[in-house]
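J.: Chain residues, written in single-letter form:
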Amino acid sequence: DVKVTQSSRYLVKRTGEKVFLECVQDMDHENMFWYRQDPGLGLRLIYFSYDVKMKEKGDIPEGYSVSREKKERFSLILESASTNQTSMYLCASRSRDNSPLHFGNGTRLTVT
Amino acid sequence: EDKVVQSPLSLVVHEGDTVTLNCSYEVTNFRSLLWYKQEKKAPTFLFMLTSSGIEKKSGRLSSILDKKELFSILNITATQTGDSAVYLCAVKEGAQKLVFGQGTRLTINP
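Taken in sequence, the protein lines are chains A and B.
Residues 1 to 112 in this note's numbering are what the first sequence lists, from first letter to last.
Residues 1001 to 1110 in this note's numbering are what the second sequence lists, from first letter to last.
Just chain B, with the same shape it has in the complex (with noise of 0.2 Å):
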């Protein structure tokens, strides 16, 4: 069966932490891997992984892939009260379904 794990289910952190998000799986016909913040309302694309090693970053937000060991990280550095939200991963299998991680609740204290 298919599965995405993603760790810690829940963190808390100060302002100006960095955080690693982890997320690791097991998929039959592996196309990429996206990670997704979900504030209030909908879940909104931050990246879109499909080689090992190629970091991708936007701003303070970084992500890599490594495919061999089935596992992706999603850094946050210097965190703002605004990054708190619930980080989702997942995993698109063959061409049409993605697989979602539980997603891990982020936190972060003034």
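With the rest of the complex left out, here is chain A (with noise of 0.2 Å):
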């Protein structure tokens, strides 16, 4: 069975803190994606990967960077965070195929 493992059930940072939200997958899956989900908007992609050390920009990719080191680990960085990005923060995976995609317990991130 695929596992998500996102590191944080739940966060609580400080306006300008640099944030990082992990995410590591056990499938060597090949396609990575971080979503935020905010009520009444969905699921909205930020960034997603493809393979290692490469990125794609999502639909709302501004405030946020990632990184693709290995191709387990998926990580979504905050470089200053701010309030407008208190959110669930939901990490997927998949492999290259048609197949679905399998989540992360997600993150809730809070910025004070």
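Since the hints were made in silico from the structure, they are not lab data.
Here a beta-carbon is modelled for each residue, glycine too, at the ideal position from N, C-alpha and C.
Nothing false has been slipped in among the hints.
Okay, derived cross-link-like pairs now, DSS-like style, lysine-lysine, Cα gap no bigger than 27 Å in a straight line:
#: 1; chain 1: A; residue 1: K71; chain 2: B; residue 2: K1041
#: 2; chain 1: B; residue 1: K1057; chain 2: B; residue 2: K1097
#: 3; chain 1: B; residue 1: K1067; chain 2: B; residue 2: K1003
#: 4; chain 1: B; residue 1: K1041; chain 2: A; residue 2: K13
Covered by chain A, per the in silico footprint, the following chain B stretches (three or more residues, Cβ under 8 Å):
#: 5; segment: 1092–1098
#: 6; segment: 1101–1110
Hints are included, so try docking the two chains, each in its own frame, into the full complex.
T.: Laid out in structure tokens, this is it:
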């Protein structure tokens, strides 16, 4: 069974802090994704990666960056956290074919 | 702009009722439509639909796609309190991108 693990379930950070959200998958998937989920807006794609060291911007990349140094790990970085980045962050992965996404349990980030 | 719209946004029914959730879409390069169920944590995969008119079933849940009218429905019969969740519809656009709807929050009262 595919496992996508996000390192933190809840995080509270201050405005201006640098924040790292970590995601690890154990199924050798090529593709990994970061979404944020907000009430009334659904899931919106921040960044995705289709291979090691490769990244593509999603629909809302502003204020975020990503890192994929190893195939199993995809990190989301908030260079200088702001209150409008308070949200639920979901990591997902899938193989290169047309298979469904597998999601992690999410990280609820609060920026004060 | 690619768009996925779900309706209703919220639905409250009694245990045993049948519900129909709707998902309409406008995307430029449709590949497939997916349904997910989200309780308190990770969305879990329910169905993937690629062809019109072929119903997918899993127990009391079923789903069908209409690629001409650009919509899908998710049916749940004989609902149970464990069906309470947010149901997400997503459309795969092109090789990589999934576009999600806002979700339908379903509450089943005993």
